[in-house]
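Since the structure of chain F is provided, determine the placement of chain R on it from the hints.
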Amino acid sequence: MEILKQIPSHSLSVVSRRTGDEYILVPVTENIADMDSIFTLNETGAFIWETIDGRKTVEEIIHIVVNEFEIDDATATKDVIDFLSSMKKFLIITVQPLPSDNSSGTKNEKL
Amino acid sequence: MKSYNLNIAGYIIRIESDENEFELKPSSRFIRSIVPGENHEVLVRVHPNAYLLPENAEKVFSAPVIDEINFITNNESKEFWSVYCIDSKKYFIRTVYTNMNNQSEVTLEFSLCSKEWDLWIESVAEETDPLAYPLDGLLLYYLTVINSDIMIHASGVNYRGRGYLFSGISGKGKSTMANIWKNDGAKIIHDDRLIIRRIDKEYFFFNTPVYDNDEPLNSPLSRIYLIDHGRKNKIVPVYGATAVIMVLANCIQHNWARDIIARRVESVSAMCQNIPVAELYFKPDSTIIDFILDNE
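Chains F and R are the protein sequences, given in the same order. Counted from 1, the first sequence has number 25 at position 25 by our numbering; the numbering is strictly sequential. Start counting at 1 in the second sequence, then tack on 1000, and there's your number in our numbering.
Source of the hints: derived by calculation from the structure; they are not laboratory data. Predicted model, so just to flag it, every value in this text is computed and none were measured. Note that beta-carbon positions come from the ideal geometry of N, C-alpha and C, so glycine has one too. Treat each hint with caution, since some may be false.
[Stated by the list, open to error] Pairs of lysine-lysine, DSS-like flavour, derived with a Cα cap of 30 Å: (1) F:Lys-88 - R:Lys-1059; (2) F:Lys-89 - R:Lys-1059; (3) R:Lys-1089 - R:Lys-1059; (4) R:Lys-1187 - R:Lys-1232; (5) R:Lys-1115 - R:Lys-1059; (6) R:Lys-1172 - R:Lys-1025.
[Unchecked claim] Restraint ranges, calculated between C-beta atoms of paired labels, are given here: (7) R:Glu-1055 - F:Gly-20: 45 to 51 Å; (8) R:Glu-1266 - F:Phe-90: 18 to 24 Å; (9) F:Gly-54 - R:Lys-1201: 36 to 42 Å.
If we strip away everything but chain F, and leave its shape as in the complex, we get (with noise of 0.2 Å):
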């Protein structure tokens, strides 16, 4: 899956705090925080978002997640795609294929 090859990041619209063991996200849109959309992050949720660097493909998230909470790789792979992909469509994370996959078409894929 080429996904597993793309890069999430930590949008510059969200503001994120950590409360406990959880996240709360505000997005901020238009420089307009939406106070009807505050979302906030469980315990694994919120792992997967300080995991989350910029620079960890998203193979490697799941690994992480993997190590973390003895799972196996079938049932991360699937909750770290359906959290990154619920995340990219609030606009909460931005997602980019590594730099040497531009060639091969994935530039464009979308979670």
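Showing chain R alone in chain F's frame:
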């Protein structure tokens, strides 16, 4: 007068004019907030003329006139007040004071880093209240931002030394709740809008001058209830991030700058780690008082 100090929510605000042509005359809602002394937290210099915004000032927020008639909110296209910004450092609030059919353009220039602000009023009368609506609330709002405090839609009461805050949007029962407690001897801090501050590791809530002759009041904060009407009294505690976002939704916020949003989220998160938060569904009668006290 040429200058006076206000103590609002513990903020000492000095209003000062060095012009001779006009007198500063705070309206009656501020009278009981005037305090003696020279020390102040923020100085507002009042100038009796219009202010031309710098060309590089960018409009970052605009609030429409909002009319609420029979519980129907109507956002008119007319602008009520707006905020301009230069490089996220210097801010300008612009609005209009209407007095005796005379409209006067008003500009407050301020910075989140400076404690000396300037207020220009286009055409002043011989006696002018420099902090007319809506500028008074806006000025206080930005003081809460600077101090990492919280301005919230809520009624608040002090009952036998305990402070209860009932938060909710219009129509959820803030005033109703305040009146129920008042009838049982509680001290009403305010029935609509409060400022919450952390002072020496303890949280307090304060009223602000809204009505004529409002007396400055405050109370320690013991609990926050997010209220709604119900068929029976019911408390549902909320924790962690859920509590934070529910309280945030009721805070007064002009969320046009990342750093302001971040400060607000930070302040509310810290408060929710110290103060219990719960949803409260209530019947509008005195049974709610014992219900709350029994469930503490």
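Right, here's what the structure says about each hint:
no.	hint	verdict
1	F:Lys-88 - R:Lys-1059	holds, 29 Å
2	F:Lys-89 - R:Lys-1059	holds, 28 Å
3	R:Lys-1089 - R:Lys-1059	holds, 13 Å
4	R:Lys-1187 - R:Lys-1232	holds, 25 Å
5	R:Lys-1115 - R:Lys-1059	holds, 22 Å
6	R:Lys-1172 - R:Lys-1025	violated, 36 Å
7	R:Glu-1055 - F:Gly-20: 45 to 51 Å	holds, 47 Å
8	R:Glu-1266 - F:Phe-90: 18 to 24 Å	holds, 22 Å
9	F:Gly-54 - R:Lys-1201: 36 to 42 Å	holds, 37 Å
Checked against the numbered hints above, the structure violates only hint 6.
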